[in-house]
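Given the structure of chain H, go ahead and fit chains A, S and D onto it with the hints provided.
Protein chains in written order, with our numbering: chain H, 1 to 445; chain A, 1 to 445; chain S, 1 to 445; chain D, 1 to 445.
Simulated from the structure, these hints should not be mistaken for laboratory data. Computed from a prediction, not measured in an experiment: that's the story for all the values here. Cβ atoms here follow ideal geometry from the backbone N, Cα and C, with glycine treated the same way.
No farther apart than 20 Å at their CA atoms in a straight line, the calculated lysine to aspartate or glutamate pairs in the EDC-like style are these:
| no. | chain 1 | residue 1 | chain 2 | residue 2 |
| --- | --- | --- | --- | --- |
| 1 | A | K343 | D | E393 |
| 2 | H | K343 | S | D394 |
| 3 | A | K199 | H | D429 |
| 4 | S | K343 | H | E392 |
| 5 | H | K124 | H | E14 |
| 6 | A | K341 | D | E392 |
| 7 | A | K71 | H | E378 |
| 8 | A | K85 | H | D377 |
| 9 | S | K343 | H | E393 |
| 10 | D | K179 | S | D176 |
| 11 | S | K179 | D | E172 |
| 12 | A | K71 | H | D377 |
| 13 | A | K85 | H | E378 |
| 14 | A | K199 | H | E423 |
| 15 | H | K199 | A | E423 |
Covered stretches of chain S (in silico footprint by chain A; criterion: 3 or more residues with CB under 8 Å from a CB of chain A, positions within the stretch not fixed):
| no. | region |
| --- | --- |
| 16 | 8-17 |
| 17 | 64-72 |
| 18 | 85-99 |
| 19 | 266-272 |
| 20 | 289-301 |
| 21 | 313-319 |
4 protein chains.
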Amino acid sequence: MSLCALEWRYGSEEMREILRVDNIIRKMIQVEVALARGLEEAGIAPRGLAGELEKALDAISSREVYEYEKKLGHEVGALVWLLGKMSGRYGGFVHYGATSNDIIDTAWALILREALGVVEEKLKKLVSILIDRIRREGGQVLIGRTHGQHALPVTWGFKLANYVYELARSYERLVDAEKRVVKLKLSGAVGTMAAWGDKAEIIVSTVSETLGLEPHVITTQVAPRDGFAELVCSLSILGGVLERMALEVRELSRPEIGEVNEGMVPAIGSSAMPHKVNPIRSEKICGLARVLRGYCMTMLENIALWHERDLSNSSCERLTIPHALMVVDEMLETSIKVWSKLKINPENMRRNLERTRHVYLSELIVLKLIEKGVPRDEAYSRVRGLALKTVEEDKDFLEVLENDSYITSKIPVDEIRALRGIEYTGLADRLVDRAVGYARRVMGL
Amino acid sequence: MSLCALEWRYGSEEMREILRVDNIIRKMIQVEVALARGLEEAGIAPRGLAGELEKALDAISSREVYEYEKKLGHEVGALVWLLGKMSGRYGGFVHYGATSNDIIDTAWALILREALGVVEEKLKKLVSILIDRIRREGGQVLIGRTHGQHALPVTWGFKLANYVYELARSYERLVDAEKRVVKLKLSGAVGTMAAWGDKAEIIVSTVSETLGLEPHVITTQVAPRDGFAELVCSLSILGGVLERMALEVRELSRPEIGEVNEGMVPAIGSSAMPHKVNPIRSEKICGLARVLRGYCMTMLENIALWHERDLSNSSCERLTIPHALMVVDEMLETSIKVWSKLKINPENMRRNLERTRHVYLSELIVLKLIEKGVPRDEAYSRVRGLALKTVEEDKDFLEVLENDSYITSKIPVDEIRALRGIEYTGLADRLVDRAVGYARRVMGL
Amino acid sequence: MSLCALEWRYGSEEMREILRVDNIIRKMIQVEVALARGLEEAGIAPRGLAGELEKALDAISSREVYEYEKKLGHEVGALVWLLGKMSGRYGGFVHYGATSNDIIDTAWALILREALGVVEEKLKKLVSILIDRIRREGGQVLIGRTHGQHALPVTWGFKLANYVYELARSYERLVDAEKRVVKLKLSGAVGTMAAWGDKAEIIVSTVSETLGLEPHVITTQVAPRDGFAELVCSLSILGGVLERMALEVRELSRPEIGEVNEGMVPAIGSSAMPHKVNPIRSEKICGLARVLRGYCMTMLENIALWHERDLSNSSCERLTIPHALMVVDEMLETSIKVWSKLKINPENMRRNLERTRHVYLSELIVLKLIEKGVPRDEAYSRVRGLALKTVEEDKDFLEVLENDSYITSKIPVDEIRALRGIEYTGLADRLVDRAVGYARRVMGL
Amino acid sequence: MSLCALEWRYGSEEMREILRVDNIIRKMIQVEVALARGLEEAGIAPRGLAGELEKALDAISSREVYEYEKKLGHEVGALVWLLGKMSGRYGGFVHYGATSNDIIDTAWALILREALGVVEEKLKKLVSILIDRIRREGGQVLIGRTHGQHALPVTWGFKLANYVYELARSYERLVDAEKRVVKLKLSGAVGTMAAWGDKAEIIVSTVSETLGLEPHVITTQVAPRDGFAELVCSLSILGGVLERMALEVRELSRPEIGEVNEGMVPAIGSSAMPHKVNPIRSEKICGLARVLRGYCMTMLENIALWHERDLSNSSCERLTIPHALMVVDEMLETSIKVWSKLKINPENMRRNLERTRHVYLSELIVLKLIEKGVPRDEAYSRVRGLALKTVEEDKDFLEVLENDSYITSKIPVDEIRALRGIEYTGLADRLVDRAVGYARRVMGL
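With the rest of the complex left out, here is chain H (with noise of 0.2 Å):
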């Protein structure tokens, strides 16, 4: 048992699998039989290069390179050492004209593509999860609440609408930030491609190919930092949603509210207290949105290197990537599973709904009498004044309305009655649908 609770409370064994600095050392080794294929493509490594280094994908272990790292004093050197030893005679050309951060840039790009593979295939299951969700129990309504007071009525679907309409947003940004930093890096020690004159682009070309990586347009020795950034940015910013998401169900899990609960009872609530029912994995992606935030400004300050590189963002990174991918995709996991196994209470939320007894029908009442020639401030400041004491008195708000004799001198008292079975919920079923087209659309569902 470790000291980051990131190798076993957190994250999937999938992304877990992804991050491992094993798998990192396999993925330098594929760019650098890739950069072997490249190499004898151009003529300078002999033919078989490529074919010897493929070998190593199994045999070298990331202790290994370690240990040797220790030894030399450079990480890609000490891969490099061993690659070449594997290769025999043809252990030269291994890494030929190439610089470090050709191999870590470009195995940087082929991790994120795993990972934000495995982070778009979860955002895609969440928001079917919400999709169906709308589909079986959409149509129950509840209170809207803004300030977390009684606002106006909405459904749980136009709820659940609002958050797929964020995650795709959110899955729309992630793809905008993975186009500008899923590349290709490889351009030599300060990003001429001096070593390899004019037998660059065939070696690009072959490597971009292998890859499936388009190479950054011109780098220095590192590929540009912004591209990190502003994924981390983008990890947070969805974050920022699952976490509002969290919240909702924190808040609506309330005794006093009752209109959802994770539908998890452990054997345990509370050492001390039997009784308790915690929406504790609401509360967990609450704290690990907090997590990535602080991992923005991280990234963000490795962007400004010097020249043409210098190493401050190299110890950055090896932490705050793996990290930052790891508890997105615990703040996923966990997302998932709460939004799978939610239970909301109809019961409840109609409680709820009518405990402020109609008053939120106030703002209709308001445009009614506009229409009916009130000013716009007479009309606001006396149904206010109502509305007010109706929640005061805790009386019903219709039926104050229709005891009030200026309001019926306005409007008649059969209008506010046909008022009684007004769900006031406007468009939200239409707009439930566009917000779902719009996810089905953006993500490919």
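Chains A, S and D in isolation, oriented as in the chain H frame:
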């Protein structure tokens, strides 16, 4: 003279005018006018309302709104009251069915469109200046530096072309962010458009067309806050790139390096030391990049609003949106000034390049040895030994090589001598063209 | 009406006056006056210089300095020029041997001493309001909540006393920070006091005494920036405590809970919905806490200045120091208002407490069973089963217990019945006294 | 090889052992043992419980707890179950009346005391190394730099003494933070100690004495989170100081400056360029400072927990507390290594000092002119003119002065000539002594 230096010291008048509360109020009125047009179109408001409201654009000052707000306790409420008063008999229909954030968020969209227009123009100007410099002085060779240490030669144009690429990426990213944040928010108190019923769609489409803003697919009471967070993160990433460029100036203008200077000598350089000429503009850019980064945190925290919204984003955005845009504006203005006036010192570039006396050819020698069949690790450690000795003893690397019997047993002396004139800047020129072409395409230059 | 809401909307006039550039310039002049006194004392400047300079305190406006700065390219340089002019024949000795940051950093120290004085006074006022409330209404019992779920009962006073403790800790922390940042910086261009030679010590001690500031032990050209970072972090931690209190108000004033409300009803609650009464002050506090947090990042980045200093901290501090202090001032002002006017609703506190119908006694029942010899896990799971069933079936927990044969076989029914009147608030009263005592001692109340 | 580089690459074994989940669980058991002692003392638990529990210290592994947690859904619950099982007939009284965070927060206090002990020891070691260097090589004169430009001369010892002062301030700050966070939290489910009734005080005082931790004055379910935020901010400020020192190394080891180097040459300096010797340790320190800063944001957000607590801090702290401590540990370890091995190059220091050929005496000349009655602005602009010309024409400043008739009309040529040998390092030596004395006093060296 106020307390906030953004009022007078930093940022352009042009940007300040966009972000002053007067313009924000003006934009809010514009949204109310557009809404009035929608209400007319929908047959809700009498024809003529929009026309009346338009007069308010010049008649209502932000001060007046603020005075009223203090009485009424609500900013948009105060504006609507004032507008209502001005519109006489039509007044009741001002703001009909809308909620405050229909006005605020749409006004932000209009403000942001203007402000981002300015940012984008300045970005284009900065890139043009760089491209122009590339044409004029791009061929100048200087030493590339990694870790602050001499690496391989690059051209001055190559250095600039990397900035061109990174700035173009920032431009792209802003355009991507813009499409998610410059949007119409018009959907009423909780987003369901309940007050307008079936007339909602005609209202929304009229306003959308009038203002030239595409509506959000769905919203709560407010537009989703992910877009605002993305915007400030994107500005902050741009800030990081400008910081990187400023750092280059600061470093290269150290007296021991002396390759560039800001080209501006004020009457006073230091209140103590009359001999000082400091790169103060570039230092300011670096400082302001830190300010921008901090703003990201605030905006990222704003995403997770409660239910159909809470107000916690409001105070943050009032401060952070104008501040972020003013700060980035000052950074761009200053960058434009610095990169227009910057003086390069080709003599010092040459002197520094020659300082390490061809040792930067060490990579090339290793590759030559490998081609001659020397195992990579042997080649590397031999050359490293010679290179470190060369530096320590302050010799010329090519001379050392010519006098090393091992080396000359592998590489003919002539071949070594032939390296004496080599620039070793690889495909710098081709890459520069590629970067410039990329920026032209992306930025429409 | 300007662009920065800190100029008019947020913060007190008192704090704004301290932070306006006029006062900053005034403080700089004060430092120059004190320095003049030191120079006189050391026999460098002629007697009379300080007296002449003192007149400048009212004669030189910040606008004038700024206009001069634009010509000369240096802010303190401009001030010194103006002061020199005013001082006639003594003028040459103004600023003799000093560097700009002797003036700027010492002026900051004076400004911060004033500003922190205000912060501390407001903190004391807030704590006094809480203590007063404790005396008046502290005995009121309400349900304690963990995870948003009902836990055990507490008293209202206990809740407040936790805030009292946390605010007192923030006070302590500010005092700790103050001692490291409110210091004299007077050591010349690189910190060696070279210009004054052996007269340095008499100059420093005179200025130190005149301004009432202890000098830094050693400095570079500037005071170490760790102190400024610590200050903003400490303010931001205070912001977190105020946010926690504001969050309590927002949550407890949800209509389903209704235990408190801000006690202020504006004429307009929402531009759309006349029935709304929103906890807008507390929401503002939560928003501003986010703004403060962002400022920490900026200030933390300022620590690592180059060599004997670089200028990158300057632009940051110009913005962030006044902004941070104004934001915290607004938060304190608003907190004072909210916690003065806040209304508690004892009836709803009682109603909510009774909602879960004694289930909060579950802990106590487990402990009783353990005392009767029941193994802990058996006790816990039995009681958990009954407690969850009680909640699900909306029964009274004590009744359920009385009717459970297992429970009554262990705990006599009488003992269970006796729990009916129990408050179960433990040592709340004693702890409240302790917290109040602590705050009085720490804050000198 | 795991995914988190803090498991193997960064940080000392010593710190890792403290922060591994094994030790955290061990510390939790220690708290349960101390609580058992308190319960015995209070006559609640039978004598012998604590003794039984003590055996668990070695018998229960974190893995076991985690496996149980997965079944029971609660970490401390799982531990208590295991402890209960081990304690046989006493088992029921394990954790009696406590809540999970009595255990967790107190365990954190114990962990933090250990970890901060290590941090403080390493800080002392680093300061001792600097003091030792001051003694050995502190007298060496070099040019002081502001804005990266040459300012006035300083001594190497003066530079180091500034770090000594800043590190001592960080030490002080950690001690201040420690007193607010290394505290006993023992107060039950909502902080009222309800379960223990009148026996609470004897329990708390026994545990306090056993663990050597002073109790919090009052708490909710958890210790106030301001203390944890302060701790990470304080570590991050220390990180900023270490970064500042590392930045000095990186800058001064540029080949054009060459005043220091890290003194360690690995077998491989770059995988591409065998001639490279990079200041990689100092670059790593700069990178890790960014990581630390990001963690502050997370911890600052944790302060505003709901009511008597919510769980959102839990996941954050699990990650961020160990990560922050490991990162700072790596930074300290590396700083110790760098500042032990660092080589200074007195020859280059001298060469650079002489590069600007006495122009750093410009301040002194101005002061001399003022003393001779020249108005300040005339003096300044005359000297500035000459100084800039001197630099531009690469002359010797004193020679220029000697040949300037205006200057020599004011200052006798002899007086100018006499400056040729001057060091102009002011009171550097005295200030160094003062800084060293300060550190010795504060840190008990």
